[in-house]
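Peer 1: First to last, the sequence lines map onto chains V and A. When we follow my numbering, the leftmost residue of the first sequence carries the number 263, and every step to the right adds one. When we follow my numbering, the leftmost residue of the second sequence carries the number 17, and every step to the right adds one.
By construction, these hints were calculated from the structure, which means they are not laboratory data. Computed from a prediction, not measured in an experiment: that's the story for all the values here. In this text, a Cβ means the ideal position worked out from N, Cα and C, and glycines have one as well.
Simulated restraints on C-beta separations:
#1 Asp299/V with Asp86/A: 16 to 22 angstroms
#2 Asp299/V with Asp508/A: 15 to 21 angstroms
#3 Arg375/A with Glu348/V: 52 to 58 angstroms
#4 Ser272/V with Asp451/A: 53 to 59 angstroms
#5 Gly277/V with Ser411/A: 54 to 60 angstroms
The chain contents come next:
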Amino acid sequence: MGGNKMLNISMDTNGSELIVNLEGRLDTSTSPQLENDLKANIDGVSELIFDIKDLQYISSAGLRVLLSAQKIMNKQGTMVIRNSTEEVKEIFDVTGFSDILTIE
Amino acid sequence: MTIEILNEDNGAYKLIVTGRIDTETSAELRPVIADIPQDAPEVVIDFKGVEYISSAGLRELLICRKRFPDERMNVINVSPQVLKIFETTGFDTIIPLKTAEADLSEYIKLSFKDFLKAKVRESGDRVAVVTASDSYTWSDIDKCARIIASDLAGMGVSRGSHVALCGINSINWICAFYAIQKLGGIAILINPSQAAQEIGNTALVGEAAYLCYGEMVEMRGDETFLRQLMETAHIPEGHQYSISSGIDLKQRFGEPAATSGIFEAEVEADDTAVMIFTSGSTGRPKGVLLSSYNLLNAGRYNCEDQTLCSDDSMCLILPLFHVFGLVAGLIANAMADSVIHIPPNIHTDTIMELISRERCTIFHSVPTMLIALINNKSFDADKLSSIRCTIISGSAATEAQIHLFRQMMPNNHFFSSYGLSEMAPVSITDYEDTDDHVLHTVGKPVRNIEITILDPESGEPVPEGKDGEICIQGYNLMTGYYKVALDDQSIDLNGWLHTGDLGHIAADGYLCLSGRLKELIIRGGENIMPIQVENALSELDIIDNVRVVGVPSEFFGEEVAACIKLKSGATFDEESVRKQLSPKLGRFKIPSYFEIYEEFPMLGSGKIDTVKLKADVINRLNGRA
Numbered sequence: 263m264g265g266n267k268m269l270n271i272s273m274d275t276n277g278s279e280l281i282v283n284l285e286g287r288l289d290t291s292t293s294p295q296l297e298n299d300l301k302a303n304i305d306g307v308s309e310l311i312f313d314i315k316d317l318q319y320i321s322s323a324g325l326r327v328l329l330s331a332q333k334i335m336n337k338q339g340t341m342v343i344r345n346s347t348e349e350v351k352e353i354f355d356v357t358g359f360s361d362i363l364t365i366e
Numbered sequence: 017m018t019i020e021i022l023n024e025d026n027g028a029y030k031l032i033v034t035g036r037i038d039t040e041t042s043a044e045l046r047p048v049i050a051d052i053p054q055d056a057p058e059v060v061i062d063f064k065g066v067e068y069i070s071s072a073g074l075r076e077l078l079i080c081r082k083r084f085p086d087e088r089m090n091v092i093n094v095s096p097q098v099l100k101i102f103e104t105t106g107f108d109t110i111i112p113l114k115t116a117e118a119d120l121s122e123y124i125k126l127s128f129k130d131f132l133k134a135k136v137r138e139s140g141d142r143v144a145v146v147t148a149s150d151s152y153t154w155s156d157i158d159k160c161a162r163i164i165a166s167d168l169a170g171m172g173v174s175r176g177s178h179v180a181l182c183g184i185n186s187i188n189w190i191c192a193f194y195a196i197q198k199l200g201g202i203a204i205l206i207n208p209s210q211a212a213q214e215i216g217n218t219a220l221v222g223e224a225a226y227l228c229y230g231e232m233v234e235m236r237g238d239e240t241f242l243r244q245l246m247e248t249a250h251i252p253e254g255h256q257y258s259i260s261s262g263i264d265l266k267q268r269f270g271e272p273a274a275t276s277g278i279f280e281a282e283v284e285a286d287d288t289a290v291m292i293f294t295s296g297s298t299g300r301p302k303g304v305l306l307s308s309y310n311l312l313n314a315g316r317y318n319c320e321d322q323t324l325c326s327d328d329s330m331c332l333i334l335p336l337f338h339v340f341g342l343v344a345g346l347i348a349n350a351m352a353d354s355v356i357h358i359p360p361n362i363h364t365d366t367i368m369e370l371i372s373r374e375r376c377t378i379f380h381s382v383p384t385m386l387i388a389l390i391n392n393k394s395f396d397a398d399k400l401s402s403i404r405c406t407i408i409s410g411s412a413a414t415e416a417q418i419h420l421f422r423q424m425m426p427n428n429h430f431f432s433s434y435g436l437s438e439m440a441p442v443s444i445t446d447y448e449d450t451d452d453h454v455l456h457t458v459g460k461p462v463r464n465i466e467i468t469i470l471d472p473e474s475g476e477p478v479p480e481g482k483d484g485e486i487c488i489q490g491y492n493l494m495t496g497y498y499k500v501a502l503d504d505q506s507i508d509l510n511g512w513l514h515t516g517d518l519g520h521i522a523a524d525g526y527l528c529l530s531g532r533l534k535e536l537i538i539r540g541g542e543n544i545m546p547i548q549v550e551n552a553l554s555e556l557d558i559i560d561n562v563r564v565v566g567v568p569s570e571f572f573g574e575e576v577a578a579c580i581k582l583k584s585g586a587t588f589d590e591e592s593v594r595k596q597l598s599p600k601l602g603r604f605k606i607p608s609y610f611e612i613y614e615e616f617p618m619l620g621s622g623k624i625d626t627v628k629l630k631a632d633v634i635n636r637l638n639g640r641a
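With the hints as extra help, turn the sequences into a complete structure.
Peer 2: Set out below in structure tokens:
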């Protein structure tokens with residue numbers, strides 16, 4: 263498969279904590295995959311953590327999925343985004359999402 | 017049946033199959049599949065041209081699936097009728113499928129930067145824009161954009177920079193737009209008809225660090241205008257760049273910047289490219305974040321819906337800072353390779369002369385402008401006879417207006433359409449649609465988007481045909497609002513954008529609007545659309561204009577109040593009005609209060625300021641209590 267199209271999602275659950283590790287590119291082609299995986303696993307989660315140290319790129323469509331996730335988590339707990347690379351951090355900044363999401 | 021085999025660089029295979037896969041033809045599939053090395057990383061079978069698949073064909077796919085396990089085999093672009101065969105046989109659970117609609121490969125995946133590059137490559141010598149004094153090919157536009165980009169880069173604009181772009185439609189506006197895209201910046205599009213402070217405030221909401229300014233309506237050569245704008249916006253001195261129409265960028269084509277400007281920013285289709293502002297009549301403007309992917313694909317489909325082709329030419333009066341002008345004007349024409357004519361002003365004389373001289377075929381307009389053209393003293397049906405397509409924007413036309421338009425422009429086709437800055441277009445009527453659809457609906461949903469109608473109270477889907485809040489999602493949906501608190505982001509947990517508009521989908525699939533959710537009056541649990549009551553009142557002889565609002569009521573929650581402007585010389589008799597309304601409206605919809613106004617409070621845009629009016633009615637009623 264074309265290496266640059268990929269998104270690998272792995273999830274670790276620890277009780278009500280869900281850690282989502284994202285590796286690759288979260289864009290128009292891959293964000294539906296994350297959306298579906300989140301929908302299937304978010305019930306009962308009170309702490310949602312995105313570890314994005316291996317995420318190379320996040321697109322508008324990807325930001326929208328995070329926005330919906332944050333809305334869900336505001337009702338049932340907390341959500342944080344960790345280990346952003348400089349490039350991805352820049353995307354959060356220019357789109358104003360660093361003010362809306364909790365980025366550590 | 018034919019099979020085309022493509023071997024990708026990474027060892028993946030793509031089979032493009034066309035025709036019918038049945039008992040006879042399916043045998044041809046097996047040797048082709050057997051020839052693919054078993055360690056191929058991916059085998060994609062494109063079903064775009066497949067009309068039918070028999071049991072024998074399904075069996076070949078099963079063998080292929082076994083040969084390439086671990087999701088390495090995929091069937092894409094499955095049409096609805098072929099999908100039905102998969103579903104009835106249960107093979108949809110065995111073979112990984114993508115339907116034609118969900119397949120993303122048919123979307124344009126270019127940034128504006130790369131899109132412009134493609135236009136230069138494919139249609140470089142074609143004229144794209146004509147102004148009063150000159151014409152511009154795609155290569156010219158690219159050169160102008162390079163010059164501006166190089167100037168802006170010198171000022172510090174780079175990837176992710178927020179650059180306000182404010183000016184009436186012009187060739188330089190278009191070039192500046194592409195220049196910002198070349199640098200990977202975000203173009204913050206602002207209405208140039210506003211006062212300095214309003215423009216400044218909008219730029220501040222979008223946190224613009226730079227300003228490209230052309231002609232601004234209220235500026236009129238006033239130096240203090242620009243200073244006030246920049247101070248309000250907190251844009252540093254030296255970060256302003258003039259794109260006024262007096263600047264002829266072609267004069268600079270000899271400069272190295274025109275051809276050799278190297279802009280390294282890698283810009284992706286999915287990056288935020290544009291910020292557009294929602295035009296709420298209350299509160300502060302919200303910046304809508306859109307990507308090239310959103311806008312280019314919207315424009316591409318809209319181009320097809322308008323039936324634009326390379327022979328067409330558009331007289332463009334829609335403002336480019338608005339999503340409709342951008343999508344249905346700038347981008348749709350770029351997709352069709354048709355020509356945009358930018359009139360030097362929007363006086364009816366100028367417009368009529370331009371359309372008549374250039375034989376323009378496309379003219380999107382608000383009803384008011386069409387009426388003004390028809391009423392112009394030099395109107396002659398021949399002058400506008402070349403126009404074949406008009407999307408009526410702004411507000412819906414009335415029945416009398418449509419009849420007039422058809423009579424005066426018999427060659428023209430009229431459309432009604434619906435869209436928001438957050439997602440446009442949402443729906444549009446057909447090229448050859450009925451007056452009834454153009455007048456009373458906003459068309460059918462555009463391809464590949466989803467619409468659902470939800471009960472505003474419960475959030476559940478309403479029964480078919482019933483009014484509720486229009487909620488939408490799809491490829492052209494915005495990312496979100498810029499720095500707006502999460503609770504005010506109108507995309508819900510399931511990804512639906514809540515439009516705040518009320519309406520329903522009729523049995524024939526057309527979307528009908530019935531009002532704004534904010535204006536909905538709920539009286540004792542009954543939902544009342546102000547527009548219904550307004551329409552009934554408008555039919556009475558004595559009424560010149562009317563607005564209906566909800567006012568607080570201890571008992572009912574809300575009650576209906578009608579604010580009325582009488583025709584000159586008319587007198588108001590409440591009893592008689594109630595009597596005339598009773599056959600037209602359910603009893604609970606008949607206003608509890610009638611208030612007479614000499615003048616309504618107005619907004620800068622020329623619309624009635626409903627918010628102020630409502631406050632005033634409540635004041636009057638309280639004063640009497």
